[in-house]
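Chains as they are written, first to last, in this note's numbering: chain A, 1 to 338; chain B, 1001 to 1333; chain C, 2001 to 2296.
Don't take each hint at face value.
Derived coverage of chain C by chain B (criterion: at least 3 residues anywhere in the stretch with Cβ under 8 Å from a Cβ of chain B; other residues may be distant) [to be verified]: (1) 2183 to 2189; (2) 2197 to 2211.
Subject to a maximum C-alpha distance of 30 Å in a straight line, what follows is the list of computed BS3-like cross-link-like pairs (lysine-lysine) [claimed, not checked]: (3) B:Lys-1175 <-> C:Lys-2187; (4) A:Lys-205 <-> A:Lys-248; (5) B:Lys-1175 <-> B:Lys-1202; (6) A:Lys-205 <-> A:Lys-95; (7) B:Lys-1202 <-> C:Lys-2030; (8) C:Lys-2030 <-> C:Lys-2125; (9) C:Lys-2030 <-> B:Lys-1025; (10) C:Lys-2185 <-> B:Lys-1025; (11) C:Lys-2187 <-> C:Lys-2125; (12) B:Lys-1175 <-> C:Lys-2185; (13) B:Lys-1202 <-> C:Lys-2187.
Just so you know, these hints were derived from the structure itself, not from any lab. All residues carry an ideal CB built from backbone N, CA and C; glycine is no exception.
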Amino acid sequence: MSQADAPVALDIDQLSVVFDTPDGSLAAVNDFSLAIRRGECVGVVGESGAGKSQSFLAVMGLLAANARVSGQARLGTESLIGRDVAELNRFRGVKLSMIFQDPMTSLTPHMTVGEQIAESIIHHLGSSAEAARARALALLEQVQVTDAPRRLDQYPHELSGGMRQRVMIAIALACDPEVLIADEPTTALDVTIQAQILALLATLKRERGMAMALITHDLGVVAGIADRVAVMYAGRVVELGTVHEVLKAPKHPYTAALLASMPRIDDAGTGPLPAIGGQPPNPRRLPSGCAFGPRCAYADDACRAERPSLIGPSSIEGTRSVACHHPLDGTRHAREST
Amino acid sequence: MTEPLLQLRDLRVWFPVGEGLFRAKRNLRAVDGIDLQVAPGEALGIVGESGCGKSTLARAILRLVRSSGGQILWLGRPIEGWSTARVRPLRRDMQIVFQDPLASLDPRMTVGEIVAEPLRVHARDLSRAERRERVVDMLARVGLPADVVNRYPHEFSGGQCQRIGIARAMVLRPKLLVCDEPVSALDVSIQAQIVNLLQDLKRDFGMTILFVSHNLAVVRRLCDRVLVLYLGKPMELASTDLLYSQPRHPYTQGLLAAVPVPDPDLQPQRLGGALGGELPSPLAPPSGCVFRTRCAHAVAACAAAAPQLQPVEGGHEVACDRWRDIGPYGATP
Amino acid sequence: MTDQAMAAALPAGAARGFWADAWRRLRRNKAAMVAASLIVLIALLAFIGPTFSPHSFDAIDWDNMAVPPGGPNDHWLGTDRLGRDLFVRTLAGVQISLQIGLLATLVSLCIGVAFGATAGYLGGKIDNLMMRFVDILYSLPYIFIVIILSTLFERGNIYVLFLAIGAVGWLTMARIVRGQTLSLKRKEFIEAALASGVGTPGILARHIVPNVVGPVIIYATLTIPQMILFESFLSFLGLGVQEPQASLGSLINEGAQEMESAVWMLLVPAGFLVTLLTCFNFLGDGLRDALDPRDR
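Make a model of the complete structure from these sequences and hints.
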């Protein structure tokens, strides 16, 4: 891995997020630690409620007012947690950018595409209006928007979903960020457009040497562009490793079961899928011990008694960790033995 | 072959748009000339990107939207012009499962009332106890215990809500079950449960399934035949085996190549072959072959005339005049 | 068959319906609960309070004319210029105001919900026609209609008058219900009912109306004080209840004339009116939060 010795761009350490709700507090993220190096893309995978978005919204300081965040996140040497909005805005959109799932609601409807990109450039870099417009055009071309000069003066509703997501990426790139967080950037798009956007993100990562966090529920999306993968379940990272390690030889039964249960386009099988039983746990009523225990084929008394911690080399060194009392040895797959 | 359950002849659904005092009336051709025969007990997948008309087609078959032309034959009888009242008895045999599991359940009704609703309409002679028994049986069949009948939809997870929606659709034992993206809104770990449940139900009740989805991997798992739509027109129709192993239409080939595979050895290369361009506006579709603007194989002749579905082999049909030159694309063994 | 085991993980606890949930949220809202208790208290007082007083609402006490509250007599809140007990008269006024408010709201509710749900659900030309009719009624000057009505009916028959006001006041309710219905109509569960073969009356009665009940209750709660206020306004103009009957409005009218010499004659009924209106508005607000939690 060429990234293995690159400097760490975003270092998240022991991050926890708790929401205070009328029905009591709700732990959305627990002890989330992840270091992303320059030029590296880390896929953060999990189902809804696994805490994958909340972790990065906490890093961005974008959580709702009833959230309590603890732990640390550093962008280079700057600490991000506990900063007020004015301080955060020195980084947000400059060194640290984020793109979201729904490109329609993330764009302002009454401003043209060019104005929205230029706004960020003028605000953060202090460019002149003409310079900002020229840079906006260059950015649109870089994100492969067709007919870019005409698009500058169009409004978001005149663009297709794929084009809007490209515009969002252009805005995110406006100030040459060191870290790009992409939160389900292709979930709302059709497969052919998804493939285009993923190819674009892969190119941008390669050419700009950005650190990238790609949040998704789709292991297939991760396989194409991520270098490493963190699998989350019920607010915790359960497995972390290179994309080859995690997808080819999963150690956590959840990762293995998830991979096995996904119907694949290149699988001609027609029988029943090896589904994971049960439902994702309710964060208010987590089972004792391992949160995946009630759905796990290998769970025993030890799993019900004690929650396994994430064991392995520290995340900074970038290889394998797994939170399981009975990690798979990488050759057998979940469910084969049941 | 037995008599088809359902036949479509040149079915069209056009929506008038931009109607105004000073604007010319235009038609959005959501479904534009579909010919199809569906045999009893068959599982037919209808795939395509959003805006390809697959949901509209399903709703036109169910007479939830009005068709603008062509014929819908249900068990040999044309039903497309029938009044709402005349269609109502047919609804007993054709049911639908929706994409958004929670939104398809009335939030003010209990699960028991929701599942019993089709019985209230179509099986009026059932006593209250018999109705309850049928509801509880069906709920058990989709994997829900009897005590859910007094609960409300918002208490359930997405997968459980989808089971309730399936129970409602299946409680009358319909001949045709239309599934409109039934797993798209569900978590990955729940999708397989619902796919398996639909397979089980099909095996046990033998109903015909129209499975509308953009998820080509799920369609491969569940369906016998697949119809590929693009801008309301049929591109390719084939058995699942042939469509996935030897896709003939360039659009099908691009679509299949775009589906991500959770394998880091294959997926990066697959991204490189992504289909370019975007769906043209359905209000101004390209002349001739509607796919030609995104097609790598398009030639001048493609702009002239719209290709019709033409037979390849063994019931495999493709709407491309150049399919012999392009050849099957075996990206997915 | 592993499905049973798969889906058996059901939420624990008793089934919680929409109303149980709403009630739980409402109970947490202190202002709304205090307002509701005050309304109940005032209503109880209005109907049983007068029996505790030795006076009747139209009896004249020649020895105690225009005495202030707390005097050495049994007129707890004083008397008016004619020596009638203000406590009993005010409570009689509250009775009439509450009845009128409820009656007019009920009438506007029935017409408004039926009209709005039908227009919204049927849509198209029928909706257009029905809503233009509402627009025309809206543009007619409300107060003139009421004045004409009050001269047509025998003076003092305030219930007939307010039946009529309710019949005009349903317009906003119809608009609210129509808007709600339009958005409900596009929901998948309505399509599911259609696909099941449920007819139009069934969809309206079983799916649309139960789902608009929330906003309807909220608006109705906010309509009651409007109607009470409107009655007070008419009575203030002398078009409402006639002597010796009293409503809060007519009492305030009388009190306003004596403001400089006997300010309590204004303050007592005005206090009741303001309290009632405030309480209804707080309750309506609380119901909005309880029944429509998305807006919180």
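Enumerate the violated hints, using their earlier numbering and listing them in ascending order. Structure breaks hints 7, 8, 9.
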